[in-house]
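S.K.: Counting with the UniProt record's numbering, you get residues 1 to 262 for the letters of the sequence shown.
Because the hints were derived from the structure by calculation, they are not lab data.
Here a beta-carbon is modelled for each residue, glycine too, at the ideal position from N, C-alpha and C.
Hints may contain errors.
Label pairs and their computed distance ranges (CB to CB) [unchecked claim]: (1) Lys-247 to Lys-206: 23 to 33 Å; (2) Glu-211 to Lys-133: 21 to 31 Å; (3) Gly-254 to Lys-133: 41 to 51 Å; (4) Gly-69 to Gly-129: 11 to 21 Å; (5) Arg-81 to Gln-248: 46 to 56 Å; (6) Gln-3 to Gln-108: 22 to 32 Å; (7) Glu-211 to Gly-254: 43 to 53 Å; (8) Leu-256 to Glu-101: 37 to 47 Å; (9) Glu-77 to Arg-107: 22 to 32 Å; (10) Arg-107 to Gln-190: 37 to 47 Å.
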Amino acid sequence: MMQLRNKWILITGASSGIGEVFAWELAKRGNHLILVARSENKLADLAKKLKKEHGGQVEVIVNDLSKEGAPVKLYQECQERQLDVDMIINNAGFATHGFFEQVSGERQHEEVMLNVMSIVDITHLFLPGLLKKGSGAVINVSSTAGFQPDPYMAVYGATKAFVLSFTQALWEENRTRGVQFLALCPGATQTNFFNVVGTDDASVGKRDTPERVVKVSLRALERGQSYVVPGFQNYMNAQISRLLSRKQVLRLVGGLLRPRNK
């Protein structure tokens, strides 16, 4: 089990929400951070506060991971700065909501690039280094949306299903090689996620706090789990596809996510 102290930890989507809370929690535990997001001002402000509060080293890398080649640039930047990454938290992602053909195709392409391809590319680039050391960890942020198809959030649900499957496969591949993998699958959480989506119609159930989501995920990592769903109700919701037919699941989820003005 990886000891989370004095490690270099790379966090994408670090400027707010779950990513920011990961940064605070891991800095508090005595680690050094590489914060990655698009917003330079937010990252710089967060880095300043973290260093003042906890004293660890904090590096800021501004990068839009929805763009082609962005993960390679991120890896090269870490190499140039001689940052020896011990752990990766692939947290960056966003969702779209509405009838598939009515949502911007360009926006949905960016959604796939960020939610899927950036995780695949970052993991592929950094994993050899972790394996060479024989230790390390990767937390990929999926969602309860990844446990079943999601009408009106078709692309988002599909991307999160990919992340869950991808992460669990790598958990098995690497469980005897010293590198841990964990798929974090939160339900609705109190972040700016729904502001980015542009509607609350995509919110199902009571929203969890990012602080609790982060603590649950780190406990799951310590236990060597391949995935974790924070919250009992979220866990039960994630298992519904095992209890109902696929048609019933689609009707149920579609009814919950259908835009209210349609």
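S.K.: Under the constraints set out in the numbered hints, which ones does this structure not fulfil?
M.R.: Hints 6, 7, 8, 10 contradicted; others consistent.
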